[in-house]
Amino acid sequence: MKTRLKDIPANTNGLHLGVRELLFVLIVAVALVWGGLPFWHRHALKVTLDKDFRFSYALRDDYLLYRATVKQACQEFDTLFLGDSVIWGMYVRNDSTLTACLNRAAGEEKYGNLAIDGLHPVAMETLLRNYAGDLRGKKVYLYLNPLWLNTPLYDLSGEGETSINHPRLLPQFDFSLKCYHGTLQERCNAQRERLLDFYALLHHWRVCFFDNRDFKSWIAKHPGENPLSLLRMEISPLEEGHSSNSTVDWYESGIAEQDWPWMALEDSRQWRAFLQCLRILQKRGNDVTVLVGSINPHMQTAESLAKCRALREEMQGRLTKDGVSAILLPELPSEEYGDASHPLAAGYRRLADFLVVKVACSDGVL
Numbered sequence: 166m167k168t169r170l171k172d173i174p175a176n177t178n179g180l181h182l183g184v185r186e187l188l189f190v191l192i193v194a195v196a197l198v199w200g201g202l203p204f205w206h207r208h209a210l211k212v213t214l215d216k217d218f219r220f221s222y223a224l225r226d227d228y229l230l231y232r233a234t235v236k237q238a239c240q241e242f243d244t245l246f247l248g249d250s251v252i253w254g255m256y257v258r259n260d261s262t263l264t265a266c267l268n269r270a271a272g273e274e275k276y277g278n279l280a281i282d283g284l285h286p287v288a289m290e291t292l293l294r295n296y297a298g299d300l301r302g303k304k305v306y307l308y309l310n311p312l313w314l315n316t317p318l319y320d321l322s323g324e325g326e327t328s329i330n331h332p333r334l335l336p337q338f339d340f341s342l343k344c345y346h347g348t349l350q351e352r353c354n355a356q357r358e359r360l361l362d363f364y365a366l367l368h369h370w371r372v373c374f375f376d377n378r379d380f381k382s383w384i385a386k387h388p389g390e391n392p393l394s395l396l397r398m399e400i401s402p403l404e405e406g407h408s409s410n411s412t413v414d415w416y417e418s419g420i421a422e423q424d425w426p427w428m429a430l431e432d433s434r435q436w437r438a439f440l441q442c443l444r445i446l447q448k449r450g451n452d453v454t455v456l457v458g459s460i461n462p463h464m465q466t467a468e469s470l471a472k473c474r475a476l477r478e479e480m481q482g483r484l485t486k487d488g489v490s491a492i493l494l495p496e497l498p499s500e501e502y503g504d505a506s507h508p509l510a511a512g513y514r515r516l517a518d519f520l521v522v523k524v525a526c527s528d529g530v531l
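Residue numbering for the sequence shown is 166 to 531, as defined by the working numbering.
Just so you know, the hints here were simulated from the structure itself, not pulled from any lab data.
Positions of the beta carbon are idealized from the N, C-alpha and C atoms, including for glycine.
Some hints could be false.
As the list claims (entries may be wrong) - Here are the simulated DSS-like pairs of lysine-lysine, each with C-alpha atoms no more than 30 Å apart in a straight line:
no.	residue 1	residue 2
1	Lys236	Lys211
2	Lys448	Lys275
3	Lys303	Lys448
4	Lys236	Lys448
Claimed, not checked - Simulated restraints, written as ranges between beta carbons of each label pair:
no.	residue 1	residue 2	range
5	Ala270	Gly323	38 to 48 Å
6	Thr213	Gly298	16 to 26 Å
7	Tyr222	Asp299	21 to 31 Å
Using the sequences and the accompanying hints, generate a full structural model.
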């Protein structure tokens, strides 16, 4: 004889759920995992910023960790530097970056380095919108690297195959970016991470604790190990890979002379994105000064150099006209460039000395 639900006594030890109840439990469980877990993690994660801090190269696409780093940096520093690998310090140790040199000159840790290697303006715009909401009410030095405008491909306004830094920060469904050839799955995954912190959290765990492998691959490679034992809530995302200063300049490296066409500002995708970055920072109450970077004049043809210098001056002029403080950083001696735009240690010391004097002469406070 078949037992019907209504025949079961009300005081039975069994738990019986109808379709509605099961659906409700499922929704609550999904909400707790997708919403509750990232919310808890966001408030429980503790980031330590060591002396001469800069964000780890190996973790440079862990944007959830970067968000936590921004929050901590805003608690520790009143003045922050934003930019690409020039501010980050491609060829130098942590203690020889621009911010490290400025901190030594000040005699204290006053300046925070929030630069990320390869962070071009189009990627920075997404980073600021989605992962730097805590950057408010600060003095910000925003680095503008003209190198992103040297050719249509670097500018992301051209067509063709090219290697793009931080592709997950690109506007995924803006098909005017004809040089970006991400698959539909790659585009959807990147967009999903921005909309749902749960997926950004999974990426954070993979990068930080599982050798950048997906969980199935990691478990297959480490049978018998408990993956949960690897998770930590206290992280120091300090760069540890650069063990020594490079003393080899661009000429010794054998870099050839370059003849770049340079983009006009009105045609530049990177320039438009940079202006959006500037507006985002200003709307959040930050006092922004733009540092217009120098491009190695010794490795350019005369025609390329003339266009580059005119472009830098036009950048400064347009920003100044819009009421933005903009400083043209000086060109360095040949032996102080590691390549087209990255200084060596002596170059960073020179730039730090220049900024200290420049700001002091304008009655500002660096």
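These are the hints, each one checked on the structure:
| no. | hint | verdict |
| --- | --- | --- |
| 1 | Lys236 x Lys211 | 10 Å, holds |
| 2 | Lys448 x Lys275 | 23 Å, holds |
| 3 | Lys303 x Lys448 | 12 Å, holds |
| 4 | Lys236 x Lys448 | 18 Å, holds |
| 5 | Ala270 x Gly323: 38 to 48 Å | 41 Å, holds |
| 6 | Thr213 x Gly298: 16 to 26 Å | 21 Å, holds |
| 7 | Tyr222 x Asp299: 21 to 31 Å | 23 Å, holds |
The structure shown violates none of the earlier numbered hints.
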